[in-house]
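Let the sequences and hints guide you as you build the complete structure.
Here's the letter readout for the chains.
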Amino acid sequence: MNLFGKVLIANRGEIAVRIIRACRELGIKTVAVHSTADSNALHVRLADESVCIGPPQSTQSYLNIPAIISAVEITDSEAIHPGYGFLAENPQFAEACRTSGIAFIGPTAESIRMAGDKSKAREVMKKAGVPVVPGSDGPVSDEASVVEVVEKIGYPVIIKASAGGGGKGMRVVEKKSELMQAYHMAQREALAAFGNGDVYVEKFITSMRHIEVQVMADNKGKCIYLGERDCSVQRRHQKLVEEAPSPVVNDALRKKLGTLAVKAARAFRYTNVGTVEFIYDDDQNVYFMEMNTRVQVEHPVTEYVTGIDIIKEQILLAAGNPLRIKQTDVKITGHSIECRINAEDPVKFVPSPGLITSIILPGGPGVRVDTAAYCGWNVPPHYDSMIAKLIVHGRDRDEAIMRMRRALEEFIVEGIRTTIPFHKRVMESDLFRSGQFNTKFIERLNESA
Amino acid sequence: MNLFGKVLIANRGEIAVRIIRACRELGIKTVAVHSTADSNALHVRLADESVCIGPPQSTQSYLNIPAIISAVEITDSEAIHPGYGFLAENPQFAEACRTSGIAFIGPTAESIRMAGDKSKAREVMKKAGVPVVPGSDGPVSDEASVVEVVEKIGYPVIIKASAGGGGKGMRVVEKKSELMQAYHMAQREALAAFGNGDVYVEKFITSMRHIEVQVMADNKGKCIYLGERDCSVQRRHQKLVEEAPSPVVNDALRKKLGTLAVKAARAFRYTNVGTVEFIYDDDQNVYFMEMNTRVQVEHPVTEYVTGIDIIKEQILLAAGNPLRIKQTDVKITGHSIECRINAEDPVKFVPSPGLITSIILPGGPGVRVDTAAYCGWNVPPHYDSMIAKLIVHGRDRDEAIMRMRRALEEFIVEGIRTTIPFHKRVMESDLFRSGQFNTKFIERLNESA
Amino acid sequence: MENKDIKELLKLLQGTDVSEIEVERDGTKVRIKRGFAQPAEIMVAAAAQPAFAPQPVATAQPVTAAAQAAEVAPMLDESARYVKITSPIVGSFYRSPTPEAPPFVDVGSEVRKGQVICIIEAMKLMNEIEADADGRIVKVLVQNGQSVEYGQPLFLVDPR
Amino acid sequence: MENKDIKELLKLLQGTDVSEIEVERDGTKVRIKRGFAQPAEIMVAAAAQPAFAPQPVATAQPVTAAAQAAEVAPMLDESARYVKITSPIVGSFYRSPTPEAPPFVDVGSEVRKGQVICIIEAMKLMNEIEADADGRIVKVLVQNGQSVEYGQPLFLVDPR
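Chains as they are written, first to last, in the numbering used here: chain A, 1 to 449; chain B, 1 to 449; chain C, 1 to 160; chain D, 1 to 160.
No lab work stands behind these hints, which were simulated from the structure alone.
Since the model is a prediction, treat every value here as computed from it, not as a measurement.
Treat the hints loosely; a few may be bogus.
[Said to hold, decoys possible] Some, not all, of what chain A presents toward chain D, calculated at C-beta under 7 Å: (1) T36; (2) A37; (3) C52; (4) P56; (5) I69; (6) I74.
We treat Cβ as the ideally placed atom computed from N, Cα and C, and that holds for glycine.
Below, the structure written as structure tokens:
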């Protein structure tokens, strides 16, 4: 088995801690990098070595490619794990690693680039036979083509930047009178944000579930899927609760989604762990949404129901090993739910950084906590507000929900506000317990309150 | 399904917290009882209500039957969960509950009494066809009978008090010249300790593994086993590390042990969760050792490999429900190990109570922590020194060991000393990793150091 | 670290020009400060909760009996000279021998050590509780019929 | 550490001009302060961190660069009037432009703002680091060829 001797983790917070755990279990030494705001962070305390790479602002520290490459060099690391966010889906970073002779724990720069260009990814999927939302073939370059596409697919539509992401250069159009203005606005925004004014048009699906499939591929052409995750509980496209399996996916649909996901991964020439996100609409249509070319925040729910350590497998794959798990080895057992605990006001979702004066984590059977928080830690205001992931497992969905309720009940954090009370409301709601909801869950939860 | 409305927990520490968790998941209200030394204890903070039942000394608080029954009465509780230790195996307590119309979450007083009288239990087992260590038939009442038995079974032998427990009234005899003195000494000790001078003789097995089987029985005559636990890593009969499955038990032996355990439980007319402990000697003989008529400290390793919440099932059984798990539903998946973390010096095992100034619990995949400790808690000197149970699960024994190593590595406790360094030594030792050891493990570990 | 060790420490300091000493051992921390004008100050900080420790009971779930104890606390501070009579057992508190009878004592009653002042029912048994001090009842802290836990204050007494 | 050890400590202090000593050994911590006429109390170690915060770096795994920073800390406290020049990037520290050449600066050198005082190699590039203050080099804090992290002190300068 090929193994790295030392891995540098180009991230912070719970995912950096998660990666240190996987490395330790594989006998690999770890290097933490950190900004000056994170000198006392848990990932720094737990790693074998640490390097301060810059001031608090991410652009000058966690997004600072030269500083990170230099940290690899001065610590003699062999590989970089990018985690999620920051540089994880930046093809230039993957390339910089390759140029410097550093193993990048993720797919190739080419796969990242192909999946990251949304209009290009649509084409690749169509060619591979993976259904995409009805829309234009590639970018629409003039007003006439826009009108033609929209007349074919019908309103509402969404105009998106080809190079896009993060909601920029996106416009939903409900009726004809708004179409042209929206088209030009989207082009202008896309140009300003990405230096590329290409936009494309898609049918806008208002009522959907967000269902995604975890895949794993080696560089010998083998690729498997680990079942789906349902991430329909979202607030402004921000996932808040995830679960596996999805309450609306049966064995046949699971196989269908899995097969499509593997097809998508192969089309992107994918060679690591990744996630293919699908739209599942009210008419039970499945459409490719996008591929996330990195490990995801919600990977633990899949780990819980399959017993597979995704991060460990990811590292082994990046070291050039063949997949050691066969598709037939993958069994889904019980049900798992994750709640993202953010340092935010639980009603208004306003960030609440500051000193944690007391923290008592839940424990006992079927409870997992992934966190970098501890008593006496000062949550810095510079980064993402997620301070912990609370993940439970039960024999079935009902047991998992009751377990999540009691775990939230015993999770005590003092000094800052957290979204724990929000999650209690979700778990107690009949809507969540029924399993019958879509991405408008939060709106409906607030209406019923 | 029958359910209690409110359960009083006649215990403290991690097991009280464990029981609160199970009750919460079943929607049952909880009442904590506590001594004045435990006013700030976590079980008191987490329970729905709490009652102070006496001063720090256990005899006047956690062993004070009238105070506990009164606490049930003033809180209108329907049932008592005794946990382990304290009153859990006291038949008078089970009887007092019955007399007062309180459900006792455990077997009947008769089963507790029958299994608690060791000489009687031997007889019951022999009659039921469960092998016991060669020895006398019941108590030996005169010198001639002692000699007769010993000549039949050969040296070394052990003389034990019939009413015994906790090492009192026990004498190992290596040769004939020591026999009579040991016999009389054991009688005298037994009389002093238990008010009953009856003793019996058994072959003393010097080299053995401690293997026990978890059973569950309802009051409709149904009884199943949940596989075995191996608890051979002991120090002075104190278990330190437990695992499931046992590295020396194959499917055939598992079935044999399970069948014997169910036979034993039936013979004791057992009606709750319990554990049948066996001696497994170097010649692969299996002998009944004793039955523990309560939940055990090490139950989590079985929970991890079976996915069954033993405490929840226990409460449902005590409420009169039939067993809802069939023997064929019980599947052993992966491997689980538990380390008992004590507030003790890791070399000399001297208790180290005091203020916990910092505590960071391990987390991530396959890690469970059962504890009542938190940052700012003052570990009282009056009770058992176990402050946490660290339990891991892996796809196989090797993964479980590596996971335990990394979990111990990230488990930080400041302010008091703990046995974490001891457990690191165990997990790193070739002897433990080989799986080939017996109850002399600690001696051999120290020799090799 | 016991008092004899502290005593020994104090002795050690005699005749030295040491102004302050701090010793931490086995979980006990002792700080001794000396001065000419003021007497020696000894601060033993063993059991006291440090500032950062979680609030003990207040943050927990509502606790019937403890909540009342909390109400009482400030009053006790105001009147440190009063003695409290606490419950020696868990049970139900009754102020009179039978529902119809007048209470054993009331605010203003003079009580003597050993005098029965209330009943606590536990396990269907009526336990007579006696005053453990001479004095005048200043306040009855528990309602008739209410549940009490071990150590819960029942009466405030102005001792004689 | 027993009382006899403390006694010995006290004896050691007699006749010295030590005003305070702190000893930690085998889990016992002793701090002794002397004299009544001494100047204002300076408690560097205590003030450095709030009592409740976990030790930041010291308790972690050995950390190459941070360990050196820790060594430097007390010195900085002694000489608060000195200015430190810190590394603006991560990389390898070199005192001279080529291995054969003399160092850019040495202890005692007068430097001016903007003057190149060392090189830090990062990503195969040699980055010239300039002094950000006028003054005299008091100490070179990093060995030639050693790795440095962002913000790590490189030189102590007595400013003008």
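Structure-based check of all given hints:
1. For T36 (chain A), the interface hint holds, since its Cβ comes within 7 Å of a Cβ in chain D; the closest pair sits about 6 Å apart.
2. Checking A37 (chain A) against chain D by beta carbon gives a least distance of about 11 Å; that is not within 7 Å, so the hint is violated.
3. The criterion of a C-beta within 7 Å of any C-beta in chain D is met by C52 (chain A), whose closest approach is roughly 4 Å, and the hint holds.
4. The interface hint given for P56 (chain A) is violated, since its Cβ lies 11 Å from the closest Cβ of chain D, which is over the 7 Å cut-off.
5. Hint status for I69 (chain A) relative to chain D: holds, with the closest Cβ pair at about 5 Å, below 7 Å.
6. Evaluation of the I74 (chain A) hint against chain D yields a held restraint, the C-beta minimum of about 4 Å falling below 7 Å.
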